[in-house]
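Counting in our numbering, the sequence shown runs from 1 upward without gaps.
Quick caveat, the hints were computed from the structure, so don't treat them as lab data. Take these hints with a grain of salt, some might be off.
As the list claims (entries may be wrong) - When the alpha-carbon atoms are kept at most 20 Å apart in a straight line, the in silico SDA-like pairs for lysine to any residue are as follows: (1) K119 / N53; (2) K44 / A60; (3) K44 / L10; (4) K52 / K20; (5) K110 / K63; (6) K20 / M36; (7) K107 / A60; (8) K110 / E94.
Said to hold, decoys possible - Cβ-Cβ distance ranges computed for the label pairs, FRET-style: (9) A51 / E84: 35 to 43 Å; (10) K68 / R188: 44 to 52 Å; (11) E190 / I66: 13 to 21 Å; (12) K185 / E54: 33 to 41 Å.
Every residue, glycine too, gets a C-beta built ideally from N, C-alpha and C.
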Amino acid sequence: MDKPILKESLRLFSCFNNVKSRSMFGGFGIFAGETMFALVVNDKLHLRANAKNEQEYKKAGLKPYIYKKRGFPVVTKHYAIPDEWWNDTGKIIEQATRSLDAAKVDKETKEKASPDRIKDLPNLRLANERMLKKAGIFTVDELMEAGSINAFKALQDTHQGTVSIDLLWALEGAISGQHWSVIPKDRRSELLAKLS
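Using the sequences and the hints, build the whole thing.
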């Protein structure tokens, strides 16, 4: 499933720098560097919409991809392109360029607006925020200052036997502003060494 379209999309987008794919939302996110601008899921290429072209996509009858997160539907900004666009790959590249530019702007805006609460950091939820408060870490600044190792150790002390190593990756990702799954192996090994 999705592989032929993914392969063709990656070939088509090789005109962008450092194009790669990663499992996302039940399909494959397509990135230029660290910026996701397209999604291949359900055998369709979806391009990220922005304020300028979202209405245009809706008027053309394009549908956004919807996935389930903890049982609830989440509407993404990625719209499935019509099959006939494959007859004009120039149009796909033109729209993908707009998608990439918009995704970069959104990413920069998001990075500048640092979260006020721990639960708003990547990988963390309200339950994690409550656990950290119980461990004596109340703010984003305090978490940043403590670092992932000290925060994890504090959680181990206050929540004995219930804290899994996955929470260390989540904390590291939250502090570094990335999804836990992209933390490099060498960084994980370094963190594990500091734990022992």
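Item checked: Unmet hints by their number, sorted upward, for this structure -> 1, 4, 5, 7, 8, 9, 10, 11
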